[in-house]
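Peer 1: Residues per chain, in single letters:
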Amino acid sequence: MSEQKELKPVTVEKPIPVNYDLGNLALFDPNPLNPLKISDDSTKNDYLKETTRDNVQLLINQILSLPLKQTTDNANGQNSTMTLIQLPDPTTQLPREKYVPKAKDATRWEQFAAKKGIKKKGKDGKQVYDEATGEWVNKWGYKGKNKELDSQWLVEVEDKPTKKGGDDELIDPRKLRRDERKKLLKKNELQQKRNVKVASERK
Amino acid sequence: MIRTVKPKSARTKRALDKKLPKIVENTKTALFVPGQTSNKALHDITVDLSSFKKPYIKRFTKKNDVLPFEDASKLEFFSEKNDASLIVLTNSNKKRPNNLTFVRMFNFKVFDMIELQVLNNFKLLSDFKKLTFQVGLKPMFVFNGPVFDSHPVFKLVKSMFLDFFRGEESKLQDVSGLQHVITLSAIESDDHDESSMSKLPLVYFRVYKLKTYKSQEPKLPRVELEEIGPRFDFKIGRHQYPDPETEKDAYQVPKQLQPSQKKNVDVDSMGDKVAKVHVGLQDLSRLQTRKMKGLKSKYDQINDDDDDEGEYDDNDIISDDEDETRDFVDANEDLSGVDSDIEDEADEPSKKKRKN
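In the order they appear, the protein sequences are chains W and R.
According to the working numbering, the residues represented by the first sequence are -6 to 196, in order.
According to the working numbering, the residues represented by the second sequence are 14 to 369, in order.
Just so you know, these hints were derived from the structure itself, not from any lab.
Among the clues, some could well be false.
Claimed, not checked - With a Cα cut of at most 27 angstroms, we get these calculated DSS-like pairs of lysine-lysine:
#1 W:Lys186 with R:Lys19
#2 W:Lys37 with R:Lys168
#3 W:Lys91 with R:Lys35
#4 R:Lys21 with W:Lys176
#5 W:Lys91 with R:Lys222
#6 R:Lys222 with W:Lys37
Unchecked claim - A few chain W residues that don't get close to chain R, going by computed Cβ distances all over 10 angstroms:
#7 Lys1
#8 Glu6
#9 Arg46
#10 Leu80
#11 Thr100
#12 Ile111
#13 Lys140
#14 Leu142
#15 Arg174
#16 Gln184
#17 Asn188
Ideal placement from N, C-alpha and C gives every residue a C-beta, glycine not left out.
Given these sequences and hints, build the entire structure.
Peer 2: Structure representation (structure tokens):
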């Protein structure tokens, strides 16, 4: 469009005011279309385009008058500011894809804790400082602190033989320690299963 | 039904977790399924439709024998397998030529369906070949005609297309991202009788690209449109509304997303904020009345406040033996209770006398 031409207006007049759903960038025009112009193939597309243009103009006017928000984008090491439009919440209700997620059933421990008023402790990290080596090591898991004993090449044995595994048999304390851990794991698995079972029965 | 197994690896667990219902949902994925009688034209049409939905699409290449209005179990299987909740099935036969069935799923079950037959005067994206648009931009929507707010079938069409093409839900919109507009237009239908399907007016599907020019206003641009295609005239066929029970579930808003309501604060019909404020009981005993020497609390015959007395006390009469004063106060309280009773009784007969 050349500069000499007179600038066109942005205002559009509609007999019935249109409805907006700016959250979805949508406009609903309740003004009836002209059936004669639509049924005639020669005028149909131009007529549709003209009506739509008016409506898009209205929509753009509305969208651009919404509050703005400046954000700085740090892409490629260069700061570039972007102006974004803050859209309101969509007003047209659309169906969800899936159910609203249900809250999980409380486990047996959680029920007990609630009854007793026991609060969850915050996690204090997975790693601890090992004074001997001067490094941070995992409390559990790979090369965990709780497995320290397993890898010792020399272990102190109590004078009395441990009760497990027969009368006087000497059992490797390393194995004992490991068995203890495995037992805890088994116990926890059983508890998990029980919680799942109880939860499924309740439904 | 797809077999549900306990995930064996962390990776499969993550993949399965993605499919679980969420509070804030992901953008719906669309599945394009060619039916047994699909043809080249329908293929091209779905390619064009999917270009507006990219990247949230999956296109099937093989034909599938599905009759959605008779048995939708296959579609439900596809939906669950691909975690897609929008399906476009294409079929073409003598009775329903160039038929697109838009199916919406809820929880991997059919939610609603509508058949749209593309009339033969359609034009594809390649027929325009003028302008392209960027992938993944949010389109604008314009619905021309009052039927989209009044007629149930057209409401379904509106909801379907909004749901289908709206893309990612976001609070922020880049101005340069406003590039194209999808419009649906329909003239007023004569009768609102749902049984007469054939008489429903056509739905015109058009896509335009925006061109902005300087205008008389300094901040607002003058908008002009250019059609980029595709151009479809849809004839509405069979349709299926959602089951009222599932509809309730589908339109449920999770508690976490509902705006928290503040107690006693309302917005009235004019948009003004109106609040109700509760003021606590006023303590009249502390009210400052006229200051006179004789009204000082130390001259009070009934001592209500022990604390105040210290301030006014010049003569040290009471502080000598506090125990006595306490007893005195207690006794007074007892008395005052009795007094009021007596007064009430005394009042009543006087009223009676007046009446008489």
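Peer 1: Now look at each hint and say whether the structure bears it out.
Peer 2: Verification of the hints:
1. Pair hint W:Lys186 plus R:Lys19 holds up; C-alpha atoms about 13 angstroms apart against a cutoff of 27 angstroms.
2. Among the hinted pairs, W:Lys37 with R:Lys168 is consistent with the structure: their alpha-carbon atoms are about 23 angstroms apart, no more than 27 angstroms.
3. Between W:Lys91 and R:Lys35, the direct Cα distance comes to roughly 8 angstroms. Compliance with the 27 angstroms bound is thereby established for this hinted pair.
4. Between R:Lys21 and W:Lys176, the direct Cα distance comes to roughly 22 angstroms. Compliance with the 27 angstroms bound is thereby established for this hinted pair.
5. Annotation: proposed proximity of W:Lys91 to R:Lys222 is violated, straight-line Cα distance about 34 angstroms (limit 27 angstroms).
6. Taking the CA atoms of R:Lys222 and W:Lys37, the gap is near 18 angstroms; set against the 27 angstroms cutoff, the hint holds.
7. Distance to chain R contradicts W:Lys1 as a non-interface residue, since its nearest Cβ pair spans about 5 angstroms, not more than 10 angstroms.
8. With a minimum CB-CB distance of about 15 angstroms to chain R, W:Glu6 clears the 10 angstroms threshold, and the non-interface call stands.
9. Not every C-beta of chain R lies more than 10 angstroms from that of W:Arg46, the closest at about 5 angstroms, which undercuts listing it as non-interface.
10. A Cβ of chain R approaches the Cβ of W:Leu80 within 10 angstroms, the least distance being about 5 angstroms, so the stated non-interface status is violated.
11. Consistency note on W:Thr100: stated as away from chain R, and its beta-carbon is indeed over 10 angstroms from all of that chain's, at 18 angstroms minimum.
12. At roughly 25 angstroms, the least C-beta separation between W:Ile111 and chain R is larger than 10 angstroms, which holds for a residue marked as non-interface.
13. Its beta-carbon lying about 21 angstroms from the closest one in chain R, W:Lys140 satisfies the requirement of being farther than 10 angstroms from that chain.
14. Here W:Leu142 stays apart from chain R, with its beta-carbon at least about 28 angstroms from theirs, past the 10 angstroms limit.
15. The non-interface label for W:Arg174 is consistent with chain R: the shortest C-beta to C-beta separation is roughly 21 angstroms, beyond 10 angstroms.
16. Every CB of chain R lies more than 10 angstroms from the CB of W:Gln184, the least distance being 17 angstroms, so the non-interface label holds.
17. Every C-beta of chain R lies more than 10 angstroms from that of W:Asn188, the closest at about 15 angstroms, which supports listing it as non-interface.
Going through the hint list in order, the structure does not satisfy hints 5, 7, 9 and 10.
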